[in-house]
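Colleague: Spelled out, the chains give:
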Amino acid sequence: MQIELHNVHKTYEGAQPLHVLKGVNLSIEKGEFVSIMGASGSGKSTLLNILGILDNYDEGEYFVDGQLIKNLSERSAARYRNKMLGFVFQSFNLISFKTAVENVELPLFYQGVGRKRRHDMAMEYLERLGLKEWAGHYPNEMSGGQKQRVAIARALITHPQIILADEPTGALDSKTSVEVMELLGQLNREEKVTIIVVTHESGVANCTNRIIHIKDGVIGNIEENSRHNASAFGTTTVMK
Amino acid sequence: MHDLFTEVWESVRRNRLRTILTGFAVAWGIFMIIVLLGAGNGLMGAFNQGGRDFASNTMMMGGGWTTKPYDGLKEGRRVRLDMSDMERLDKEPFAQYVDDVTTTHTQGGFTMTYGRRYYTNVSLCGTFPSYSDMNKIQIVAGRFINEKDINERRKVIVLSNLMAQNFLNGGNNFRDLLGKRVKVGNFSFQVIGIRKGDESSDDRDLYVPYSTIKTIFALDNRIDQMTFTFHGLNTEEENEAFEKELKASVNTAHRAAPDDESATWIWNRFTQNLQMEKGSRILHTALWIIGLFTLLGGIVGVSNIMLITVKERTHEFGIRKAIGASPWNIMKLIVAESVTITAFFGYIGMALGMLACTLMDKTLGQSEMEVFDQSIRLLVNPTVGMDVALEATLVLIIAGTLAGLAPARKAARVRPIEALRDE
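Order-wise, the sequence lines are chains B and U. So the first sequence is numbered by our numbering: it starts at 10 and just counts up by one. So the second sequence is numbered by our numbering: it starts at 865 and just counts up by one.
Keep in mind that the hints are not guaranteed to be accurate.
Using 30 Å as the maximum straight-line C-alpha spacing, the simulated DSSO-like pairs for lysine-lysine come out as follows [unchecked claim]:
#1 U:Lys-1196 / B:Lys-79
#2 U:Lys-1274 / B:Lys-107
#3 B:Lys-92 / U:Lys-1078
#4 U:Lys-1019 / U:Lys-1078
#5 U:Lys-1196 / B:Lys-92
#6 B:Lys-125 / U:Lys-1196
Hint data in this document are derived by calculation from the structure and do not stem from the laboratory. None of these values were measured; they are calculated from a predicted model.
Here chain B stands alone, though its shape is the one from the complex (with noise of 0.2 Å):
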């Protein structure tokens, strides 16, 4: 089991508190394509963060290959996010003022790899998502699927055991976001990296292996959706 949550809580303390996660159990195994679905206010996005270590959580317990993840210091959880996650954001999340190639570079600049190397490496990998031509441009010059991809590029680029994607399509046409879709996909088989999408869309669940449905701050039923248009979305849902 590559994550394991055990009765994962969480408040959000305030002049009213809310309690956003109440008790989640939820594992997933090695190389899995799993989409965590749910309304908004349903608790995705916190989990999502508490996945990612980007946020703490108050109770229970949560494992990433048998190592529990709780209370980390700030340097230590930066060194997870940097070794085993990679980020996949909604509004791509790329450095205005960095080309291309200086976003994808910057993983790599923290994990301490010299200026060539990952210049090189960052190359590569933008080469690979058919984005070469791009690399000197800023942010602002692309359109959002090339921006998507330059961020899964940049997710990719420190070979991260899971990617995290909070709603990857969420800003993207429903052409671009099919692309973007079946990108995570290929990854998935091709490299075996477990990508897990939060979204709530019903389309862009159904690219993925296994559904979690998450409500109330719950986890709901788990649909296996190996066979991709056999539920009830199928071949008739469009993505958007």
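Chain B is fixed; fit chain U onto it per the hints.
Modeller: Positioned in the frame of chain B, the structure of chain U alone reads:
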């Protein structure tokens, strides 16, 4: 390092105007420090210039008026030193500290003539050979008075090069004047030496052997004052103890109370210099403090601008953290930017400050003021040395780090999820 500075350069370039405006305050602060210290150095240089012509380890002693009744005598009596007091210095416990003892007797209001040329209002100054070392008299031709002159009461004279020039019709070959006779009042003297003059009132002093003048003016054993060089008294306390002992000894010999402060006076050039140095240090410190407070304004500005930068870049820092930047990585970025801004503009300020000091040296530093027919320079070498430049560099780096620290910690505390939410 290269990567860090690339990042810093990118950030600074994106905010050119506000970086320049902030940097101006830093440059101004350092500029003030350099100019103040330069002016301070110039001022102290001018003060010290007066003392540079004398050996620093000399004391002068003379008689005064008693203020205490002692040994059956009333107060208000005049004390006059005599030759026995000079001999006293050659005996213990004073001899271990005292090197050379001299005295001078000056008689003024003479006219000196040489051929058809003359000088009015010159003074005959009877003295001893060691006077020349103590007062750093520079002989440009011939020699100063020697022991033989004293013993034989020779009528020989040392005069300044400016007078000699006048006597030689503006010529510079002073040797021509050696051996020639000049007339001072009704007395004829043979010129044995030409000394360097400095256009001050001292130039009108003509040096002759003390024994000669004693004979001519029929002086008794009494002397106006005595000057002596000393060694081995290195602190203010040691000097004070020596002075006290000497005064007590001289006072007693002249039937004045040993602790009577006014019966005799001592003027100690060494402690004078010590005090001058102390004053100089205080001035130096005060100028540093004023400069640092000026710089503080600039530093606060840098800190402020870094806080704004951090606020603006919160989202970016969130991204960096999400992909693996540690808090320290983020802190480094901000501190490096702060130090870079401070150091860069600090050096501009330093360069301008040094330029201003050089200008000050070229203008004010060259101007002289006439005070009592002595020319005094207002500022002597009003510049700062390499040491100040190094100190200022250190100040800049520390200041830049301090300015960046609070904003950097704020940046390091950015939580990635909050930052990523911040659209």
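Colleague: State for each hint whether it applies.
Modeller: So, going through the hints one by one against the coordinates:
Taking the CA atoms of U:Lys-1196 and B:Lys-79, the gap is about 27 Å. The hint holds against a cut of 30 Å. A hinted pair counts as satisfied when its Cα atoms are at most 30 Å apart, and U:Lys-1274 with B:Lys-107 qualifies at roughly 23 Å. For the proposed pair B:Lys-92 and U:Lys-1078, the alpha carbon gap of about 101 Å is over 30 Å, so the pair is violated. For the given pair, U:Lys-1019 sits about 11 Å from U:Lys-1078 by alpha-carbon distance, which is consistent with the 30 Å threshold.
Distance check on the hinted pair: U:Lys-1196 and B:Lys-92 sit about 21 Å apart at the alpha-carbon level, within 30 Å; holds. For the proposed pair B:Lys-125 and U:Lys-1196, the alpha carbon gap of about 22 Å is at most 30 Å, so the pair holds.
Of the numbered hints stated above, the single one contradicted by the structure is hint 3.
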